[in-house]
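Visitor: As a plain string of letters, each chain reads:
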Amino acid sequence: MRFLPHTEAERQEMLRVIGVERIGDLFADVPEAYRFPPLNLPEPLTELEARWELEALAEANAHVGQYACFLGAGAYHHFIPAVVDELLRRGEFYTAYTPYQPEVSQGTLQAMFEFQSMVCALTGMEVANASHYDGSSALAEAVLMALRLTQGERPKVLLFPTLHPEYRAVVRTYVQHLDVRLEGDEPQPLERLRQPLALLEDLEGRLDAKTAALVVPYPDFLGRVLPPARLRETAERVHRAGAFLIAVINPIALALFEPPGAWGADIVVGEGQPLGIPLSFGGPYLGLMATRMAFVRQLPGRLVGETVDGEGRRGYVLTLSTREQHIRREKATSNITTNVGLMALAATIYLSALGRHGLRQVARLCYHKAHYLADRIAALPGHEVWREHPFFHEFVVRLPRPVPEVLRLLYEDYQIIGGYDLGRADPALEGHMLLCATEMNTREELDALVEALAEIGAAAL
Amino acid sequence: MRFLPHTEAERQEMLRVIGVERIGDLFADVPEAYRFPPLNLPEPLTELEARWELEALAEANAHVGQYACFLGAGAYHHFIPAVVDELLRRGEFYTAYTPYQPEVSQGTLQAMFEFQSMVCALTGMEVANASHYDGSSALAEAVLMALRLTQGERPKVLLFPTLHPEYRAVVRTYVQHLDVRLEGDEPQPLERLRQPLALLEDLEGRLDAKTAALVVPYPDFLGRVLPPARLRETAERVHRAGAFLIAVINPIALALFEPPGAWGADIVVGEGQPLGIPLSFGGPYLGLMATRMAFVRQLPGRLVGETVDGEGRRGYVLTLSTREQHIRREKATSNITTNVGLMALAATIYLSALGRHGLRQVARLCYHKAHYLADRIAALPGHEVWREHPFFHEFVVRLPRPVPEVLRLLYEDYQIIGGYDLGRADPALEGHMLLCATEMNTREELDALVEALAEIGAAAL
Amino acid sequence: MPEPLIFEYSVPGRRGIALPEPDVPEAPLPEGFLREDLPLPEVSEVDVVRHFLRLSQMNYGVDKGFYPLGSCTMKYNPKINEEVARLPGFARLHPYQDPETVQGALALMYHLQEFLKEIGGFAAVSLQPAAGSQGELAGILMIRAYHRDRGEGKKRIKMLIPDSAHGTNPASSAMAGLRVVNIPSDRRGNIDLDALRRECDETVAGLMITNPNTLGLFDENLLEAIELVHRCGGLIYGDGANMNALLGICKPGEMGFDVMHYNLHKTFSTPHGGGGPGAGPIGANERLAPYLPGPLVAIDRERTVHPDEPVYTFVWPERSIGRVRAFHGHFGVFVRAYTYIRMHGPRLREVSEAAVLNANYLLARLRDLYPVPYDRLCKHEFVIMGKVPGTPIRALDISKRLMDYGFHPPTNYFPLIVPEALMIEPTETESKATLDAFVEAMRRIAEEARTDPGQVQTAPHTTPVRRLDEARAARQLILRYSAAPEPRPTPV
Amino acid sequence: MPEPLIFEYSVPGRRGIALPEPDVPEAPLPEGFLREDLPLPEVSEVDVVRHFLRLSQMNYGVDKGFYPLGSCTMKYNPKINEEVARLPGFARLHPYQDPETVQGALALMYHLQEFLKEIGGFAAVSLQPAAGSQGELAGILMIRAYHRDRGEGKKRIKMLIPDSAHGTNPASSAMAGLRVVNIPSDRRGNIDLDALRRECDETVAGLMITNPNTLGLFDENLLEAIELVHRCGGLIYGDGANMNALLGICKPGEMGFDVMHYNLHKTFSTPHGGGGPGAGPIGANERLAPYLPGPLVAIDRERTVHPDEPVYTFVWPERSIGRVRAFHGHFGVFVRAYTYIRMHGPRLREVSEAAVLNANYLLARLRDLYPVPYDRLCKHEFVIMGKVPGTPIRALDISKRLMDYGFHPPTNYFPLIVPEALMIEPTETESKATLDAFVEAMRRIAEEARTDPGQVQTAPHTTPVRRLDEARAARQLILRYSAAPEPRPTPV
Ligand SMILES: Cc1ncc(COP(=O)(O)O)c(C=O)c1O
Ligand SMILES: Cc1ncc(COP(=O)(O)O)c(C=O)c1O
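Line order of the protein sequences matches chains G, Z, P and B.
First residue of the first sequence: 1, per my numbering; consecutive thereafter.
First residue of the second sequence: 1001, per my numbering; consecutive thereafter.
First residue of the third sequence: 2001, per my numbering; consecutive thereafter.
First residue of the fourth sequence: 3001, per my numbering; consecutive thereafter.
No lab work stands behind these hints: they were computed from the structure.
Treat each hint with caution, since some may be false.
Each computed BS3-like pair below joins lysine-lysine, with the alpha-carbon atoms no more than 27 Å apart [claimed, not checked]:
id	chain 1	residue 1	chain 2	residue 2
1	G	Lys-331	G	Lys-210
2	Z	Lys-1331	B	Lys-3154
3	B	Lys-3154	Z	Lys-1210
4	P	Lys-2154	G	Lys-331
5	G	Lys-210	P	Lys-2154
6	Z	Lys-1210	B	Lys-3155
Work out the full structure, taking the sequences as your base and the hints as a guide.
Guide: Laid out in structure tokens, this is it:
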């Protein structure tokens, strides 16, 4: 059988050493009524057949290498330099477990230390963990962390209404049986959604002695970047209320915009997928999570620290494990153990390869392309683009025809995967589409989208 | 600039240490009239742009993953297990030079020793070199080797007429200015081409005291396998004449058929591409070359030998370098230095991964599929299949319509890349196609080809 | 040779990989929004390649050698998995593409759900959880939602957990707001039924069972324990981390487990990647299926015209606990697990048989060398005590010394109920020759413990670094690179 | 730890990767044709992975560190090359597909020909030769064919070759049936013009020039030498192995070279793969272009409808020497070289500038530590003498000791005209920091030579094996694995 090395002779010899006759004897302790049930699975494939089958499944999808893609909404189509996968897939990294044994895990450990350092550099924070599952679960954990930091005495958590809807959903899932109230993200009318500063003011107005945390997106789900100067005020208000400010970031945006560490965030989380990780239909991605040193003991997830070996050589180990489930069990800061180490490694290689300059270039390309696209679409009759607030690489456009219809036409007639139908996330936003442009969209693609929207829209006018 | 690490400050510092002012000063020795010519090349691309351009070029080709393919004729579409590339691309193997420094090259050296061993196992020979460029140049070198082994006193070399036509061409190129006569492969009428044993007899009849070597294919270009028992006689006759018997093999066929070492070949060459190397539009491939120990000092190419280090540990080194150009210069056995080490490594991994049993399976699948296909096509009106001699995985079929026309229709209407138009290689074979089937051709593909040929052929009847 | 940090290669102004210049007019950047510094490294591509290549060589993976890390199922990760997961038709799909454009991906997810249902004996499976521990949290939330729907949500606040359980079990329970009650093990390593019985009352939310348990033992009291808890209205959570022992051997869903997670990165051969990603799908019986986290993939009956050409879509279980993450789970991991299951089919049973054969063989051969606390037939793993009577050698010393022999150590000091525990899980992909070599190393270490204990206590001797000062790490807390000239240990 | 041979892992009956069962009826196999044994290893996939992973770790490549192997241009091999070469639209093309179905591949070859023409200043380029030495053979055959066509084939049988030339030059000449005449170098490392003049007569087929030569020096007598040979009716063969010094600096074709090979695996960044594959395209001026080995790729004027949508096809030069290999050259290598050239464009000149800058910087810094036989501005490489006056240390010792410092050694004992030659080619992709670290190692070795020569003479100390007994290898000639219990050195 595939991947099983034993020959029949070896099997017999091993059974002899064990002292049983048949392999079946090894399962004598399994209740007989349940033992050896039929397994109704399709017959085994050889590698060649498996490849054929998987190739056929893959062919049954339309991918962003074939279609121009303007979807973002939390997962982004970015350039991944060839070095990333080349290094990532080295067996010594790829097939190692969590680095519990530091002497044979310095590769993973040092890379994780570098990852933590880079997340700190991006976010302007003092300490970052070695990854969480994804941005949304990192946010849920940040909320739990804020609850712990306020000793469970503050049950209220304020969520910005234009946080990613699925992130809000995940937070709700996590806290559903806890004594926690999530507030602030109640449905809002369209006009208010267009005014992020008003939304912010609103949210700040709800800060009180029961509030553990206030969560702001940066940029928000609709692509808008709140002014750092304004957020500095938010931070002050939050801190004055004795609460914690949690920021949800896009790491590419942080190559351009003032980092949350600079405007006073206490916990920063975000989706690290844009940093060299393939779209892969939604996962595995990379949860980023950083905070200030003062709160490190409440930080969930693994941490790598620097130390020395018996001969004075620098080395790296997992540290502060007393926060973790394998030591503290029910008193741990989280239940997490397997994280997404490999994705963190990918991001580390990506950030090393692009470096300070390259990452800035990516961010600027995203910015300029999105703005070019927004400007051109804004000039189309019947289209309204939300441009009154600064945005990064995503923006909202109201279409003259129902969004699903437009998306279908773009796909079928223009080989374009259009934007995100905001009506899916919020009925108030029906008729609006969220468009994203990155360095992967050439000017020809942008222009083709504009032409297509013009043609599709013309039918409605 | 891409891949150049220097900053301007470093460049200045380095120039200072050198003692010149400008980089241009380093080229003072280049005649001024020719110095710094314009370089009329397209502007540089970034990695992302290069990938786009190369993807577009690749998309402009129809490949054998998209089309059922029945082309063989010296390059074969086989299954390559995923392990091969995974291990091959490890940087330590991939980016090393020829292993001149054994202490830091044991990986390459040991793998080459294993490669040599496997080539010996396949061919039944006693010693194999560490690769030659490809099958055709390996044959040319084998011919030169036979000339050396006969002290240049025998200028005649007999080539089997149904050797691969491009192999014969390469031998001609190599010897064009030497005092050598290539004989035996003169144009033959169709009926004779159908009788390989008669061709063999003919060729044997030309053996004389001036003959250095006789070259037989196994299988021949038309897919046929000469009987090993008969070849044993050939070997005797060749040896009786004081000449050398050179065999040109397909390594997959050797998993099934009696190896040349067993029937008396003196030098065995062949194309190793079927052993885990992608088609890649014709190269790089893998020249195999093996002989008997008695002739090792005339063998061209690198050889790895086993030895021990100062502490008695087993280790591997390049050996018998006195045959090679870097030591012997004009007296060397060949000018070769860079060979195709990586392809040899691929074949070594491939043969390890499939092993004795897996390689046999591949060979049997090829055999059975080709015979199924031949039988079905033979039943089509207007098609004549050459089946009177045992064949491996290729066979000749006479079509009722001109081959180029059939090929065009297969491609355009059936998504099939048909066989090789034998009229290209030999006017006597006009109207004949060489078809190949391997484990990559499913029964559905085989049946589809038969249907297609039936439909296309019907128009001619 | 020590490898500098990538930051230490940085030279101001050095360029790594460049992007194209903008092909659109540049838009003004908003004032007052921008950052000034971006303290990332500035290195060349070759620096990056060499740095990470050298780091990798300081690591040990299953691809390098035997990795008998108990509870982690470090089996061989087939390379075909990697090839197919990178097909552009999988790797380059946006999660929000219209389902019609990703039918291949949905089909794969659908079938993987079906396969896992069949393997575990469950009515439904959700692929959503990102890892085993998130699967636990989700499963416990389901149990709580179930009780809530029956009006017992406030009352049933106790989660019963055997003392041999993995730390994630109590941690997940606590995260879901439950109180954890420890259930001791009996002398044969089973759940102590008396102790369990004492706790079985109307405040019980459920019992978390790992079976085989972390001692590698099939719990002989399993059916009784399940029965006891069910009778008092509690539900059974199965920690499926050890499913590698049970493929085709028995189905937890049939034996009374209400909900269970699978670790695709253990049982189903997806690589661990130095700590993840994994995937922790959960299976549930009829009772709990409506609570599964969504979305699931189902056949879209409306759009399906021919039954043999089903159209797939995302659906939500009626009473779902909600989302546990954005998008739809670790799809890249699903591709690998799907491939693995397809390559085995019903013969997955042979995987478990070989895993159990290997473990018992190793146990039989080690039994004379080291004390075995629970000495009976084991399943896919077993626990020995890392002691050599009459010597000062501890489990940790043995582990470190194994490195010098070219092996990855077993799991240390877990489960907590065995002093000096060494938890050994060979997995089915290891050959007898490898197991024999491991036994030989363990034998030599036992010998060294007697003849030259210092050699063992100061091991490892051949690794890139020697034993590291973990206390110092926790004290000084250097958790990131800092360019400032803080006093730092200098690399030698 | 020594790694066994893959054969030594073999267990009879163990299965590796399996193929599907036949889906067609089985045909009878011909009797009397079949072999019985097939002594290949029988191992599992995990054995294979671990074996080759461990072997790879015993190797040193550019990806691991500095590799200043003179004459080999061990520059960084960009990873994007590998990604694009594996695109199915390239890797899965059969060489005999109809040209209409492979227009992308032909376009790539066509443009690569054009790029190389422009870089070398030639009228035409053939991509066919498999490596530099095959390019040499082809070029020499072209020269011979040219003379033959002018009725001088029998007469012109002398190939003039400087004594600093690479061994392939004389070897290739001999293979083409020419007599090799050595031309000494003068005191500045140039071709000795007087010696050359003495040999220039009507029997000269040509002169092979490597420029910069293997001392890393631009030949100051170049134009005169070319002139001399041309005047006597001979042609100039250029060994282009050292083109990394000349990209955009000067064009050999313009300076009078008649034919020259390029080493794509040196100058154009395609990886060396532990000894190949390379590719050795040759460029020729108007005079020799008709003799190039075929096929070439050209625009098919007949089928091209729009000039900006050219249709490509294979063509044969009128008087081609023929094929040097089956099919159409090392296409996979072409993809990589094409990508590299496209990423640099006219800025290739900066590559050569940096290569020459690095070499001169290294030379300037090593000059005080080791004797330099030809001490003038070098190009992309240079030669020092591996001696430390007053010590027994030889070039080989220095090379081996460099391994302990983490570097690959330079080329040893070549060119032959410098005693104890160490030929150092840093390439342009190395940073100043790396060069400085190398200088520091060389300085320490010079110091050790004086203070502790034994340490150097017994180096390396840190490699998987120590110095190997090459004499024994040549004497005992174990060239393949043999299962028979021959007396073999036992691995320890
Ligand atoms: C027994 C057991 N339960 C639960 C887990 C948690 O699974 P994961 O690491 O996937 O979160 C593990 C592994 O870490 C385990 O061994
Ligand atoms: C100067 C010189 N000429 C010719 C060659 C031969 O090139 P190749 O190895 O590609 O055959 C080499 C390299 O080996 C060389 O360094």
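Visitor: Which of the numbered hints above does this structure break?
Guide: Going through the list in order, the structure violates no hint and respects every one.
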